[in-house]
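If you read the protein sequences in the order shown, they are chains A and B.
210 is the number that numbering that gives the first Met the number 0 gives to position 211 of the first sequence; each next residue is one higher, with no gaps.
9 is the number that numbering that gives the first Met the number 0 gives to position 10 of the second sequence; each next residue is one higher, with no gaps.
Simulated from the structure, these hints should not be mistaken for lab results.
Just so it is clear, the structure is predicted and the values come from calculations on it, not from any experiment.
Treat the hints with care, as some may be off.
[Said to hold, decoys possible] List time: in silico EDC-like cross-link candidates among lysine to aspartate or glutamate, alpha-carbon distance up to 20 Å: (1) Lys211(B) <-> Asp157(A); (2) Lys211(A) <-> Asp36(B); (3) Lys211(B) <-> Glu43(A); (4) Lys111(A) <-> Glu55(A); (5) Lys70(B) <-> Glu55(A); (6) Lys9(A) <-> Glu55(A); (7) Lys4(B) <-> Glu53(B); (8) Lys107(A) <-> Asp36(A); (9) Lys211(A) <-> Glu53(B); (10) Lys48(B) <-> Glu10(A); (11) Lys211(B) <-> Glu55(A); (12) Lys70(B) <-> Glu10(A); (13) Lys211(A) <-> Glu55(B); (14) Lys140(A) <-> Glu208(A); (15) Lys51(A) <-> Glu2(B); (16) Lys70(A) <-> Glu208(B); (17) Lys70(B) <-> Glu208(A); (18) Lys70(A) <-> Glu58(B); (19) Lys48(A) <-> Glu10(A); (20) Lys70(B) <-> Glu58(B); (21) Lys107(B) <-> Asp36(B); (22) Lys4(A) <-> Glu55(A); (23) Lys48(A) <-> Glu208(B); (24) Lys211(A) <-> Glu58(B); (25) Lys70(A) <-> Glu43(B); (26) Lys51(B) <-> Glu208(A); (27) Lys211(B) <-> Glu58(A).
[What the hints assert, rightly or not] The calculated label-pair distances, taken between Cβ atoms and stated as ranges, are: (28) Glu58(B) <-> Arg137(A): 17 to 23 Å; (29) Glu162(B) <-> Ser172(A): 51 to 57 Å; (30) Arg161(A) <-> Glu43(B): 22 to 28 Å; (31) Glu208(A) <-> Lys11(B): 17 to 23 Å; (32) Arg137(A) <-> Phe103(B): 39 to 45 Å; (33) Glu35(B) <-> Glu32(A): 30 to 36 Å; (34) Phe103(A) <-> Gly207(B): 36 to 42 Å; (35) Arg137(A) <-> Glu162(B): 37 to 43 Å.
Built from N, CA and C at the ideal position, the CB exists for glycine as well.
2 protein chains.
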Amino acid sequence: MLEVKVSQLKEKLLFMGSIVERMIGESIRALVERDEDLARSVVEKQEPKVNKLEIEIDEMCINALALYQPKASDLRTVTMVMKINNDLERVGDHAVNIAERAIFLISKPPVKPLIDIPRMAQESAGMLRDSLNSFTNRDPKLAVDVCSRDDTVDNLRDQITRELITYMISDPSTIERGLNLILIARDLERVADLATNIAEDVVFMVRGETIKHMGHPGTDYLLR
Amino acid sequence: MLEVKVSQLKEKLLFMGSIVERMIGESIRALVERDEDLARSVVEKQEPKVNKLEIEIDEMCINALALYQPKASDLRTVTMVMKINNDLERVGDHAVNIAERAIFLISKPPVKPLIDIPRMAQESAGMLRDSLNSFTNRDPKLAVDVCSRDDTVDNLRDQITRELITYMISDPSTIERGLNLILIARDLERVADLATNIAEDVVFMVRGETIKHMGHPGTDYLLR
Numbered sequence: 000m001l002e003v004k005v006s007q008l009k010e011k012l013l014f015m016g017s018i019v020e021r022m023i024g025e026s027i028r029a030l031v032e033r034d035e036d037l038a039r040s041v042v043e044k045q046e047p048k049v050n051k052l053e054i055e056i057d058e059m060c061i062n063a064l065a066l067y068q069p070k071a072s073d074l075r076t077v078t079m080v081m082k083i084n085n086d087l088e089r090v091g092d093h094a095v096n097i098a099e100r101a102i103f104l105i106s107k108p109p110v111k112p113l114i115d116i117p118r119m120a121q122e123s124a125g126m127l128r129d130s131l132n133s134f135t136n137r138d139p140k141l142a143v144d145v146c147s148r149d150d151t152v153d154n155l156r157d158q159i160t161r162e163l164i165t166y167m168i169s170d171p172s173t174i175e176r177g178l179n180l181i182l183i184a185r186d187l188e189r190v191a192d193l194a195t196n197i198a199e200d201v202v203f204m205v206r207g208e209t210i211k212h213m214g215h216p217g218t219d220y221l222l223r
Numbered sequence: 000m001l002e003v004k005v006s007q008l009k010e011k012l013l014f015m016g017s018i019v020e021r022m023i024g025e026s027i028r029a030l031v032e033r034d035e036d037l038a039r040s041v042v043e044k045q046e047p048k049v050n051k052l053e054i055e056i057d058e059m060c061i062n063a064l065a066l067y068q069p070k071a072s073d074l075r076t077v078t079m080v081m082k083i084n085n086d087l088e089r090v091g092d093h094a095v096n097i098a099e100r101a102i103f104l105i106s107k108p109p110v111k112p113l114i115d116i117p118r119m120a121q122e123s124a125g126m127l128r129d130s131l132n133s134f135t136n137r138d139p140k141l142a143v144d145v146c147s148r149d150d151t152v153d154n155l156r157d158q159i160t161r162e163l164i165t166y167m168i169s170d171p172s173t174i175e176r177g178l179n180l181i182l183i184a185r186d187l188e189r190v191a192d193l194a195t196n197i198a199e200d201v202v203f204m205v206r207g208e209t210i211k212h213m214g215h216p217g218t219d220y221l222l223r
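Chain A with its partners taken away, still in its complex shape:
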């Protein structure tokens, strides 16, 4: 039965979403609380799960297409699950990047108290959660709202980058650590971008029309 298959697919995708969202939270918590074990568990325990789920979901989608030849709305749902699956796997990769950078940073003295990075992580993870909620509830309004929040995250990234550059200039011994923190902010920005992609896909899935490339800026700003 196609209906059962589609609902299994969605369930599995949401399970994967909950894992990668937790990975983002834990990698940042590891950084802030200087908890190396937690950072290692993101890399060693969580990521393999995500990789496995990605392959399973992909196979389920291809099987659903082959066996049931879904049309219209179900077809859009299955193809969107494939895309969201891909996006969630990348969120997992960014969490791993953050955890690996955290392991490095924990081995050195702190550059500064971390306030904005956890805030940015909360924003990005919130966008991810809401993009998945908009998927579950087929809620294009929430999806559009997610897209509109991308600017906040971009602004936080710019602010974090500027502040860290100031630290790096005034004390060059912080350059390598500052760079790692800047790169963490970029990982979080990418998570927000991927949440935006998912939200755009949800709008397409529900309405059958795309809002991609229609003016919420996705490209990186310069560091000015």
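Please build the complex by placing chain B on the supplied structure of chain A, with the hints as guidance.
Frame of chain A; chain B shown alone:
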């Protein structure tokens, strides 16, 4: 006819591939030759084309699935075109990032002669080209070769990052420019990662089995 449709799809995808490959080359040339007009043309003229193609290809894929209900090999091809389409659009985004950073860097004195970044760009663009060749010729051997070249690009990125950090430490006035160059190296690394994704998808398309997450390291290394 499904056959005609699939061959149109492939043709369009390769056209998009040729545009994004050129965008990478031009954004790097703009950086090296300090050619602001060229950088602007990547952002203003090339990227809109890629965005348009992405949407068109996605629609063609969904239509092909809806109308022809392809099976087995054709089904894998169509779903892989959707994935590769997504990856190519992201390559275009990275070219735009590079072009925007080039516009910033052109407005300042050069930090150092650029040797490794153009080399890295050549490697990444070469991987992209070969991943698309492996797609056109259904050549899993070439695809596996592409995956194996990812390490070279990662090593170049580490080398570039280390060298720039040395510059930044010895002369803090270069920090902002150095950071932009490091971020360009990361954009190029992501292009190589996306080429690797495409190559993995080609192996799956041809052989029906995945080589994803099987040990060519995709995660970022720490900056040590």
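**Study point:** Restraint check for Lys70(B) with Glu10(A), where alpha carbons must lie at most 20 Å apart
**Key:** Answer violated: Lys70(B) to Glu10(A) is near 25 Å, above 20 Å.
Exercise for review: Below or equal to 20 Å on CA atoms is what counts here, so check Lys48(A) against Glu208(B).
Suggested key: With Cα atoms ~19 Å apart, Lys48(A) and Glu208(B) stay inside 20 Å; holds.
Review point. Can the suggested window of 17 to 23 Å be confirmed for the beta-carbon pair Glu58(B) and Arg137(A)?
Key: holds (21 Å)
Practice item. Could you check the hint for me, namely that Arg137(A) and Phe103(B) are 39 to 45 Å apart, CB to CB? Key: holds (42 Å)
Point to revise | Beta-carbon spacing of Phe103(A) to Gly207(B) - inside the hinted bounds 36 to 42 Å or not | key: With Cβ atoms ~40 Å apart, the hint holds.
Review point. Is Lys211(A) within 20 Å of Asp36(B), Cα to Cα?
Key: violated (27 Å)
**Study point:** Agreement of Lys211(B) and Glu58(A) with the hint, judged by alpha carbon distance not exceeding 20 Å
**Key:** holds (13 Å)
Practice item. Please work out if Lys140(A) and Glu208(A) have their alpha carbons no farther apart than 20 Å. Key: holds (14 Å)
Review point. Is Lys70(B) close enough to Glu208(A), meaning Cα to Cα at most 20 Å?
Key: violated (26 Å)
**Study point:** Pair hint Lys70(A) and Glu208(B), alpha-carbon separation not exceeding 20 Å
**Key:** violated (26 Å)
Review point. Given the hint that Lys211(B) pairs with Asp157(A), does the C-alpha gap stay at or below 20 Å?
Key: Not OK: Lys211(B) and Asp157(A) at ~34 Å, beyond 20 Å, violated.
Review point. If you draw a straight line from the CA of Lys111(A) to the CA of Glu55(A), is it 20 Å or shorter?
Key: Given pair Lys111(A), Glu55(A) is violated - Cα atoms ~42 Å apart, limit 20 Å.
Comparing the model with each numbered hint stated earlier shows that hints 1, 2, 4, 10, 12, 15, 16, 17, 25, 29, 33 and 35 do not hold.
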